[in-house]
Amino acid sequence: MIEVRGLSFRYPGAERDALHELSLEVRAGSLFGLLGPNGSGKTTLISILTGLLRPGIGTLRVGGEALPDRVRAVQAFSALVPQDYAFYPRLSVAENLRFFGGALSLAGAGLAARIGEVSAVAGLESFSGTRAEHLSGGLKRRLNLAIGLLNHPRLLLLDEPTVGIDPQSRQFILAAIKRLNAEGATVIYTSHYMDEVQQLCDHIGVLDEGRLLAQGSLDELLRAHPGQRNLEEVFLHLTGRRLRD
Amino acid sequence: MVTLALIRKEILLLLRDWHALLLLFVMPAAFILVMSLALQDRFAEDRGVSLSYYLVDEDHSAESTALTAALAASKEFKAEPAQAPLPELRAAVQHDKVQFLVHFPPGFGRSLGGDAPLAMQMQAGPGVEPALFELFRARLQGFLAQLDLQKRLAALSVSMPDVDAGARLLHAESLYSAGARPSSVQQSVPAWLMFAMFFISIPLSTTWVQERSQGTYARLRSMGVGAGQLLLGKLLPYVGITLLQVVLMLAVGMWLVPLLGGERLQLGDAPAALTLMALAGSFAAVSYALLIANLVSTAEQATIFTGVANLLMAAIGGIMVPRFVMPAAMQAISLYSPMAWGLEGYLDVFLRQGDLAMVLPWAAKLALFGAVCLGVAALRIRLRNQR
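So the sequence lines, in the order shown, correspond to chains L and S. Throughout the first sequence, residue numbering follows this note's numbering, covering 34 to 278 in sequence. Throughout the second sequence, residue numbering follows this note's numbering, covering 681 to 1067 in sequence.
Just so you know, these hints were derived from the structure itself, not from any lab. Note that beta-carbon positions come from the ideal geometry of N, C-alpha and C, so glycine has one too. Each statement offered as a hint is correct.
Calculated Cβ distances over 10 Å to all of chain S for the following chain L residues: (1) 41; (2) 91; (3) 92; (4) 98; (5) 169; (6) 170; (7) 200; (8) 211; (9) 214; (10) 229; (11) 233; (12) 246; (13) 249; (14) 252; (15) 261; (16) 270.
Far from chain S, some chain L residues (derived; all Cβ distances over 12 Å): (17) 39; (18) 207; (19) 241; (20) 253; (21) 269.
Distance windows between CB atoms, simulated: (22) L:258 with S:1064: 39 to 45 Å; (23) L:127 with S:714: 38 to 44 Å; (24) L:127 with S:951: 39 to 45 Å.
My request is simple: use the sequences and hints to build the entire structure.
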């Protein structure tokens, strides 16, 4: 689904690359955990994959389409669920879904049906008339996810989708992501919760200072780093204990 | 489809923002009402109409009648019916309901021209400015001197000389060159309308800053919504809202101000010129708002920048202080403010029988200003998206 070869990217005015000669492969149908400390380049990579940033040096293919030339085609089958509550607090759940559906050029009965489907996936059916600003943290996360599902994405990019919510909502969202993946969606999942990534992802990539330090299944990563008992230890072994903020 | 969704969203957001609605509709309506009514007399004076006075004639002589007629013929002064007793009339003047009280005591006419003439009484309210007090007193003194002289000469069987010769020997003109002067409602409606239209940048910027900071803007871009669609999705609904401001503020001037005792706003006879001014003003105000929205980083910056910039444009542009009371240098400077372009265009229509051709230069300036703002905003979006 994703092939990245020798990708480098530097923000205007920055002294070093945000991504440096990065190569990465994510197969279709995978649930890929992308890990890295703050500032490691995760968000930059996701921004490039979703067409928000133009790649610098290197080649990228997403779903067989080359970026940045075929960015519209990639955006048609992919969706970004940002870490922020990227919706309108003063609009209700239904109004938010209707608006973002309209922004995706969905309309009429098709849009109404799709709103019903994504509301069911995110468990939002009873809250359609509630203004987003009045939702709990967990419901806001679920609305954020639901908006990302409106275009039936084959590639779903989730940027820390469970930050700041209670265990019940977290388990609900993780189960929904697993279900979407089982139905065929490729998922890129970034998180700082190692247990979540360990529980959810079939492949994991560890990124730091714009470089991919390791990639593989959890078993492969543990085998490659003897003495490390779990993902968190592998992560700290690779990225060090230096504070990044 | 996408643009329609964007327009619908903007309208829903604005309808749920009570602060913005108050700012865009209630604030200018209140300004128009207050300023039209409060400055009614002030503007009337500037147009040569009526300072009001009570006249009580207890003398009923030929002299008092002649003086009453002379005063009534002055275009600057307007007699109010004086039916109440003298103390009540004096109290009304004391409370500035009427500016002056003139009283001819019994025997006034008979004593005129004699050795011990009986003085006519003149009193002014506490709110009368010294210059106006002197004007009224000088006018009365002139009439009295003429009557006194006439009576004295008549006693000597000498005919009265031509007392108007002085007027013929003096050529007096005002160097004011900005055309006819507006009434308070003619000034207030377009002035505060332009002021309020430029305040559209507060709700527009706030929404756009929130979209950027909350990730909604990035999400929309990741969905394939282009910068042009985002700009159009803001421009169209907000132009619609500013046009609604125009309609409502004109309605305030035409119906609400007269209902409260003010003068009715006359729209003139050029609906096409009025429409052109409304469209050009709306485009300029919304494009300016789009520029601010893309220059600032926070909603606070947008509010402060809009407040300061709008107050400056209003102060310079003849919104707060009408251009016709400004000195010539300030009148020239004022024409650099987009608010002045809008105001002068409207005044051309309301006041100077302006047609499409007459307002075209003002509309063109506003449209050009809007186009430049929009262009810079688009450039700014492009640069920001590349980061």
